[in-house]
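Asks: Listed here are the chains, written in short residue letters.
4 protein chains.
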Amino acid sequence: MSHKVAILGASGYTGAELVRLISTHPDMEIAALTGDRKAGMGMGEVFPFLRHLDLPPLCRIEEVDFATIDLAFCALPHATSQNVIKALPSDLKVIDLSADFRLRDGAVYRKWYGKEHDAPELQAVAVYGLTEFYRDEIRAARLVAGTGCNAATGQYALRPLISAGVIDLDEIIINLITGVSGAGRSLKENLLHAELSEGTNAYAIGGTHRHLAEFDQEFSLLAGRKVEVQFTPHLAPMNRGILGNVYVQGDGRQVYDTLAAAYAGEPFIQMLPFGAAPSTHDVRGSNYVHVGVASDRRPGRAQVFVALDNLTKGSSGQALQNANLMLGIEETTGLRLAPLFP
Amino acid sequence: MSHKVAILGASGYTGAELVRLISTHPDMEIAALTGDRKAGMGMGEVFPFLRHLDLPPLCRIEEVDFATIDLAFCALPHATSQNVIKALPSDLKVIDLSADFRLRDGAVYRKWYGKEHDAPELQAVAVYGLTEFYRDEIRAARLVAGTGCNAATGQYALRPLISAGVIDLDEIIINLITGVSGAGRSLKENLLHAELSEGTNAYAIGGTHRHLAEFDQEFSLLAGRKVEVQFTPHLAPMNRGILGNVYVQGDGRQVYDTLAAAYAGEPFIQMLPFGAAPSTHDVRGSNYVHVGVASDRRPGRAQVFVALDNLTKGSSGQALQNANLMLGIEETTGLRLAPLFP
Amino acid sequence: MSHKVAILGASGYTGAELVRLISTHPDMEIAALTGDRKAGMGMGEVFPFLRHLDLPPLCRIEEVDFATIDLAFCALPHATSQNVIKALPSDLKVIDLSADFRLRDGAVYRKWYGKEHDAPELQAVAVYGLTEFYRDEIRAARLVAGTGCNAATGQYALRPLISAGVIDLDEIIINLITGVSGAGRSLKENLLHAELSEGTNAYAIGGTHRHLAEFDQEFSLLAGRKVEVQFTPHLAPMNRGILGNVYVQGDGRQVYDTLAAAYAGEPFIQMLPFGAAPSTHDVRGSNYVHVGVASDRRPGRAQVFVALDNLTKGSSGQALQNANLMLGIEETTGLRLAPLFP
Amino acid sequence: MSHKVAILGASGYTGAELVRLISTHPDMEIAALTGDRKAGMGMGEVFPFLRHLDLPPLCRIEEVDFATIDLAFCALPHATSQNVIKALPSDLKVIDLSADFRLRDGAVYRKWYGKEHDAPELQAVAVYGLTEFYRDEIRAARLVAGTGCNAATGQYALRPLISAGVIDLDEIIINLITGVSGAGRSLKENLLHAELSEGTNAYAIGGTHRHLAEFDQEFSLLAGRKVEVQFTPHLAPMNRGILGNVYVQGDGRQVYDTLAAAYAGEPFIQMLPFGAAPSTHDVRGSNYVHVGVASDRRPGRAQVFVALDNLTKGSSGQALQNANLMLGIEETTGLRLAPLFP
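Residue numbers (this note's numbering), protein chains in the order written: chain D, 168 to 509; chain G, 168 to 509; chain X, 168 to 509; chain E, 168 to 509.
Mixed in with the good hints there might be a few duds.
A pair holds if it fits inside one copy or across any two, identical chains being indistinguishable in the list.
Cut-off 20 Å, straight-line C-alpha distance, at most; resulting in silico cross-link-like pairs (DMTMM-like, lysine to aspartate or glutamate) [stated by the list, open to error]:
1) Lys253 with Glu498
2) Lys355 with Glu212
3) Lys205 with Glu356
4) Lys205 with Asp221
5) Lys260 with Glu212
6) Lys282 with Asp232
7) Lys171 with Glu288
8) Lys355 with Glu497
9) Lys393 with Glu283
10) Lys205 with Glu497
11) Lys260 with Glu395
12) Lys278 with Asp237
13) Lys355 with Asp337
14) Lys355 with Asp418
15) Lys278 with Asp335
16) Lys393 with Asp285
Derived by calculation from the structure, the hints in this document are not laboratory data.
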């Protein structure tokens with residue numbers, strides 16, 4: 168049976184990635200695509216790589232007949248989603264890919280996003296969408312909040328370790344290298360090929376990146392105490408991919424074994440052999456996550472490496488995995504595509 | 168029903184691309200993978216992007232039980248394939264991805280490849296694998312010769328035009344820009360990132376590229392007279408993709424209409440609107456071909472643009488499409504994957 | 168003796184490239200930098216790569232005391248330059264890097280740029296800035312019009328051949344691959360790293376690129392008859408560099424000898440051996456031009472390859488070379504910097 | 168007065184970079200170039216980007232008349248240099264760019280490089296070539312050992328902090344992102360464009376990178392106690408550049424002020440404003456180093472960022488700066504070239 172889905176905000180990268188993935192999903196059909204500024208255009212005009220598909224044209228949200236829709240993906244910009252979702256039929260299943268419903272606490276939202284939340288009642292019920300750790304809640308949810316792509320990366324490295332109590336909670340450093348599609352289709356000088364290719368830089372330095380709020384919320388909840396990590400992302404000249412290099416204080420073998428046990432049955436998480444480093448090249452365009460662990464030469468220090476594709480497992484692939492759960496479809500359906508290499 | 172296939176020479180890019188594509192093919196199963204120098208290793212070691220798959224380890228060709236194999240893909244280097252294929256069971260269906268069986272004439276083979284062919288009897292019966300133009304022959308073939316990736320690109324631009332007699336056969340220029348994976352996994356200084364990125368150059372200039380032999384053979388056959396084109400490939404810093412810009416003398420609109428008519432029912436060939444230029448970005452990782460046509464400001468001159476992915480439609484995707492035909496599977500099975508963008 | 172120069176419009180790539188080059192020029196001093204939208208900022212803020220230099224801050228054009236300036240480089244956008252230059256002191260030496268003064272004929276300007284020229288009296292006296300071919304006029308000029316970067320590339324391949332009458336004037340095809348900095352610092356989706364890297368496409372197809380106007384003007388003047396070429400640029404994922412592949416009908420050896428003779432004494436033009444193809448990698452960041460020639464397998468057909476850096480020899484380096492001539496400085500001063508490789 | 172220099176091992180990237188830099192040095196002349204495997208070839212054949220220069224052809228070391236040479240740069244592979252340098256005239260000034268003379272202790276050398284040193288007597292007298300910290304010793308040295316490029320990066324971040332005692336010596340993490348030219352012109356699969364572009368990975372993880380030996384030696388010497396840092400390099404798809412992100416425990420402002428004071432008079436080291444992050448884009452091709460500092464949100468934790476070009480300041484530019492000192496030339500001569508951007 169085919170489930171009908173809508174993608175709100177289909178003219179950005181995460182929207183297009185959803186279309187790409189759903190285009191070969193056997194049990195899902197795209198029934199509506201919205202894009203306010205590009206309403207009336209075909210997806211093949213906005214994204215020529217999708218021109219072979221038979222898709223509904225982009226329309227305005229008001230034009231969608233939600234009565235015929237089983238689930239809506241909301242791929243709108245941060246701070247826009249909350250009002251749009253508030254106005255949707257209250258029984259419609261929704262997956263939001265923005266940051267709007269990731270934080271459960273209104274005050275924390277205000278602190279990091281600089282505004283009052285417009286739908287606090289939804290904020291309270293939204294389920295955090297990190298599939299492997301919220302699977303049951305997601306299955307039963309009406310509204311799921313997709314995680315930040317950096318936030319997902321750091322959590323894959325750390326959640327089992329925090330739960331198991333095998334690392335020092337005060338000495339965690341999350342060092343990330345991220346691809347540029349994480350910044351979306353925004354027109355900024357530093358995202359131009361001429362300025363981005365052939366170089367790298369850190370950004371949002373000094374503990375200012377908003378995904379810290381997700382780390383704080385989730386790690387503190389897991390640990391039952393306040394946990395604050397140090398987190399620095401770097402921008403590298405690659406379109407897709409995040410490489411997390413997470414510095415922890417703990418025993419390397421114990422770290423490895425804890426992660427291996429936690430991810431033993433997970434269809435998308437691959438543990439590398441101990442001492443091996445993953446590469447973002449090897450997960451590009453896929454929903455797979457590669458995890459590696461190494462001990463430092465000094466006992467009691469280790470590193471966890473996580474490679475994933477920010478647009479797939481870090482965003483739209485995660486959303487589709489969650490949609491499968493919410494719609495009663497087998498969780499991995501449509502998501503087994505192999506990475507693209509080279 | 169699942170068909171069992173073997174991939175001979177699976178440790179190169181075209182072999183790995185076959186594995187990627189077949190991994191989500193519903194009716195095909197990889198029963199054997201060979202790689203002489205890497206025999207004994209797992210594919211996930213040779214290509215970590217495939218580590219999530221449950222695959223047979225690489226073995227030596229002699230170790231394969233061909234009695235259980237329905238079709239073998241031969242992804243070995245040029246000049247190696249011919250002897251390997253000669254030694255295979257004579258009723259085994261084979262698709263060769265090398266250049267060994269593209270040329271039907273022994274003398275022409277000798278001229279371009281500098282050696283006598285070791286299996287002239289097979290050379291005579293091999294079917295040229297450009298699916299859209301040899302569909303019936305491929306369906307009935309025992310041995311299919313995959314085309315050169317550049318050769319495919321040029322032929323998609325030109326075959327219908329030559330057949331229809333709408334261009335001057337003596338004034339054809341095929342200008343190509345190709346991605347580096349076309350050179351395979353060869354260790355050469357000019358293929359290093361440090362030497363290839365951020366620049367471009369022509370190569371095999373002056374009418375020396377071996378794919379000219381394919382153009383000569385196919386175009387002369389179509390035209391019923393000798394046709395010689397001018398052909399220059401350029402190497403650009405991209406891993407996948409070929410952009411053909413084919414200069415012809417003829418009426419632009421007639422050129423467009425001829426191509427549009429020829430490709431009207433083709434599942435993988437997309438005609439762009441008249442005057443639009445395709446981009447290799449829009450076909451990356453897919454089996455789709457985008458075709459555009461523009462008239463020059465001077466009447467009687469036009470350009471045909473063709474974008475395809477050299478590893479997919481130009482090589483392994485083409486091979487899989489042909490395998491579907493040879494095995495009686497619906498032609499597009501496993502090949503509808505959308506391109507990867509960005 | 169140090170000559171004082173101003174750079175008007177210093178916040179774009181050509182302005183910054185002028186600063187880069189002049190920073191090690193022994194006889195030139197940057198006395199003023201303008202940038203209307205960024206007035207008040209330091210160049211090191213706008214372009215951190217220049218932060219080691221002691222430069223005047225960006226100011227508004229009105230704030231420059233042109234009485235103290237020996238020569239002004241005008242690196243403003245097309246159609247903006249003409250009014251700015253008209254308002255400058257009439258005895259100030261000026262080099263314009265925009266398209267505004269490249270075309271001598273008002274009607275031709277109107278046709279290609281869609282507006283009436285605002286300074287036709289200057290249009291008539293401006294000298295076309297292709298140094299090697301207008302050296303004496305440039306030395307004596309008050310206003311020099313920098314050439315288009317694509318236009319320079321095509322002319323280096325063709326001017327000596329047209330002058331010598333060794334090629335068919337009706338069968339010239341200029342095929343170019345250009346780096347993205349040629350598009351300037353403009354914020355457009357297709358110039359984003361995510362959309363530009365790892366792929367290529369033709370643009371301004373069908374005889375619509377404005378540099379055709381320069382080819383028409385210059386080649387017709389040289390030939391003493393109307394010459395119209397076919398010209399298609401392609402965008403490749405590289406920041407600097409243009410590779411011209413110019414298809415001509417003529418004898419390859421004669422073509423080579425004609426070019427070699429024409430460029431024998433030129434300090435910046437390097438002839439490669441016959442049959443060798445230049446690469447943009449080998450001229451990056453420099454004022455050098457590499458020229459190669461190959462014969463096709465069919466007699467009477469040849470190709471000329473030209474590689475140069477669009478921002479240096481194609482724009483700011485050319486401008487500095489011309490400034491040297493206009494100020495009586497040895498022509499190559501400050502321009503002998505070797506290319507950057509890798 | 169022009170000093171005559173030889174470059175031994177000129178066919179690699181550091182050798183070619185030396186030629187690039189020296190080509191516009193007013194007081195230095197390249198009198199000999201050696202390259203055993205390419206002896207007899209011109210540098211313009213080996214590196215076409217140098218074809219405009221009038222250089223001696225590559226020869227074998229035995230063919231060089233060292234009596235006419237004032238200083239030799241030795242750009243040979245690790246473990247090769249020591250025997251070559253041992254055989255040179257004992258009064259010849261030498262700068263070695265390999266790792267052979269960086270470590271003063273024979274046992275430490277043996278541990279990290281797995282062999283006995285062949286010239287321990289030279290090992291004892293070689294001066295470590297980090298110019299800003301060994302200026303006087305370098306001026307007087309006969310043999311200078313160029314530092315590792317990663318080692319230089321980490322030391323620019325840390326030396327003043329260790330000397331001043333403002334950070335916790337047991338909690339130092341050096342996280343680096345490096346460009347691929349640091350690996351030299353080696354033919355390895357992971358350095359191919361097809362495998363390196365568009366992705367990133369850590370390497371030499373777990374405290375195994377040989378530059379750790381330099382950190383250990385230098386930091387322990389400075390601190391007067393054993394100091395062991397954690398160090399992980401990542402490979403990013405860029406040809407030049409290293410970005411160091413060094414995590415320290417100390418007061419951010421004090422860290423900044425300490426570095427600013429230490430580098431106040433340094434011609435090549437640029438302190439960014441507090442809280443700003445440098446980018447490798449802004450130092451490409453130059454001898455400049457950009458240094459930034461940020462405090463974490465948690466008091467007592469800070470980060471130091473260092474951007475430099477591995478081939479210039481990290482290797483050949485450093486060598487030339489040292490050569491200037493050794494030959495009595497003004498230290499910055501020939502090294503003021505601005506970075507190349509974009």
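Asks: Are there hints from earlier that the structure breaks, and if so, what are their numbers?
Replies: Those not satisfied are hints 1, 5, 6, 7, 8, 9, 10, 11, 12, 13, 14, 15, 16.
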